[in-house]
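Chains as they are written, first to last, in this note's numbering: chain E, 67 to 196; chain H, 67 to 196; chain Z, 67 to 196.
One should not assume that every hint holds.
Because identical chains cannot be distinguished in the list, a pair is counted as satisfied if it fits within a single copy or across any two copies.
Stated by the list, open to error - Dumping the calculated DSSO-like pairs for lysine-lysine here, alpha-carbon to alpha-carbon at most 30 Å:
1) LYS168 x LYS68
2) LYS76 x LYS97
3) LYS68 x LYS97
4) LYS97 x LYS168
If you're looking for bench data, these hints aren't it; they were derived computationally from the structure. Source: prediction; values computed, not measured.
Chain residues, written in single-letter form:
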Amino acid sequence: MKELVIRTGKEKEVLDITHEVEQAVAEQGVKEGICHLFLLHTTAALTTSDLDTGTDLDILDALEHIVPNLNYRHPHNPRHAKYHIMATMIGPSISVPLEEGKLQLGPWQRIVLLEFGGPRERSIILHCSP
Amino acid sequence: MKELVIRTGKEKEVLDITHEVEQAVAEQGVKEGICHLFLLHTTAALTTSDLDTGTDLDILDALEHIVPNLNYRHPHNPRHAKYHIMATMIGPSISVPLEEGKLQLGPWQRIVLLEFGGPRERSIILHCSP
Amino acid sequence: MKELVIRTGKEKEVLDITHEVEQAVAEQGVKEGICHLFLLHTTAALTTSDLDTGTDLDILDALEHIVPNLNYRHPHNPRHAKYHIMATMIGPSISVPLEEGKLQLGPWQRIVLLEFGGPRERSIILHCSP
Numbered sequence: 067m068k069e070l071v072i073r074t075g076k077e078k079e080v081l082d083i084t085h086e087v088e089q090a091v092a093e094q095g096v097k098e099g100i101c102h103l104f105l106l107h108t109t110a111a112l113t114t115s116d117l118d119t120g121t122d123l124d125i126l127d128a129l130e131h132i133v134p135n136l137n138y139r140h141p142h143n144p145r146h147a148k149y150h151i152m153a154t155m156i157g158p159s160i161s162v163p164l165e166e167g168k169l170q171l172g173p174w175q176r177i178v179l180l181e182f183g184g185p186r187e188r189s190i191i192l193h194c195s196p
Numbered sequence: 067m068k069e070l071v072i073r074t075g076k077e078k079e080v081l082d083i084t085h086e087v088e089q090a091v092a093e094q095g096v097k098e099g100i101c102h103l104f105l106l107h108t109t110a111a112l113t114t115s116d117l118d119t120g121t122d123l124d125i126l127d128a129l130e131h132i133v134p135n136l137n138y139r140h141p142h143n144p145r146h147a148k149y150h151i152m153a154t155m156i157g158p159s160i161s162v163p164l165e166e167g168k169l170q171l172g173p174w175q176r177i178v179l180l181e182f183g184g185p186r187e188r189s190i191i192l193h194c195s196p
Numbered sequence: 067m068k069e070l071v072i073r074t075g076k077e078k079e080v081l082d083i084t085h086e087v088e089q090a091v092a093e094q095g096v097k098e099g100i101c102h103l104f105l106l107h108t109t110a111a112l113t114t115s116d117l118d119t120g121t122d123l124d125i126l127d128a129l130e131h132i133v134p135n136l137n138y139r140h141p142h143n144p145r146h147a148k149y150h151i152m153a154t155m156i157g158p159s160i161s162v163p164l165e166e167g168k169l170q171l172g173p174w175q176r177i178v179l180l181e182f183g184g185p186r187e188r189s190i191i192l193h194c195s196p
């Protein structure tokens with residue numbers, strides 16, 4: 067079990083964290099099995115995505131349109147309600163197969179952290195099981 | 067492997083089930099690994115969320131706006147189509163890390179059952195793997 | 067670890083792949099545990115759903131409305147941005163419990179591949195862990 071700490075740089079961004087995950091997997095020594103990733107936050111999310119040029123901003127623009135601007139009840143900041151809803155829709159965890167110690171991803175598939183309320187330090191628990 | 071049964075109380079609600087999951091995990095005896103949760107339904111969903119006051123209703127209001135009212139083909143009840151779409155968007159499963167027998171969650175992160183077609187009894191299969 | 071290859075037949079469709087997954091699980095020989103499924107693509111997604119008559123088309127119609135038609139930056143084809151966003155929202159992986167060698171699913175719950183950019187061959191990595 068390892069905690070990956072990712073420093074995000076903007077209020078909202080899609081960060082490619084595939085390389086950081088690959089490095090952490092190599093340290094774990096599991097060659098064949100599943101790499102479980104779990105994000106310890108409620109205004110960010112974890113998934114996989116294509117990252118063709120501009121796709122990161124396309125995803126963020128679409129989510130901004132998809133989640134409506136309602137009169138949210140959130141006590142501190144109504145924008146936080148939108149962040150929580152985006153995070154809940156995308157989800158906090160993914161489980162990626164490992165073979166010969168390598169993440170099995172499609173040719174255009176990257177592991178991404180979606181930041182909705184940054185810049186912040188974000189923690190991801192990584193556990194590889196055989 | 068254990069089946070958690072959760073009784074929901076309304077047609078739509080966001081239920082914090084973290085405590086029920088913690089109790090079931092303690093019975094399993096796995097100290098370090100992953101707690102897999104899988105919901106056996108198609109008009110409810112499983113995820114994690116912040117539960118600041120009002121966030122539960124904010125999430126439900128947003129989903130009601132996000133999923134449009136179309137002329138759905140659903141044979142019994144067109145509202146069920148909306149429930150199925152919400153459930154499909156959020157998803158039926160999450161995998162949460164365990165350390166020293168405790169769920170590793172962020173400080174504001176709760177395990178939540180989203181009920182879209184209640185009140186009902188909802189079954190969740192829990193399996194902890196090392 | 068096994069690679070399931072699914073041939074989709076349309077540009078967009080919801081395919082019930084439960085039977086193909088059941089067959090692959092039977093070959094793996096794991097009786098009790100978790101069946102992890104991971105899709106190696108960025109214009110398709112994996113989840114569970116009800117498949118009452120018409121629900122497949124209801125889901126696709128809803129997603130087409132939910133993801134807005136913006137001036138996406140995607141370099142090859144702006145429609146691909148919509149596919150990527152749908153795939154990112156639904157997600158690439160699910161983890162289904164196994165008991166006595168059988169997938170534990172709800173009575174109306176099916177494992178589905180959502181195709182957004184077909185017809186294509188789609189690869190899913192399947193790994194059963196005890």
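Now the hints, each set against the structure:
For the identical chains of this complex, LYS168 and LYS68 are neighbours both inside a copy (17 Å) and across copies (15 Å), given an alpha-carbon limit of 30 Å. For a Cα distance limit of 30 Å, the shortest separation of LYS76 from LYS97 qualifies neither inside one copy, at 35 Å, nor across copies, at 37 Å. Taking CA atoms no more than 30 Å apart as the test, LYS68 paired with LYS97 passes in both settings, with 16 Å inside one copy and 15 Å between copies. In this assembly of identical chains, LYS97 and LYS168 lie within 30 Å of each other by CA distance both inside one copy and across copies; the values are 7 Å within and 26 Å between.
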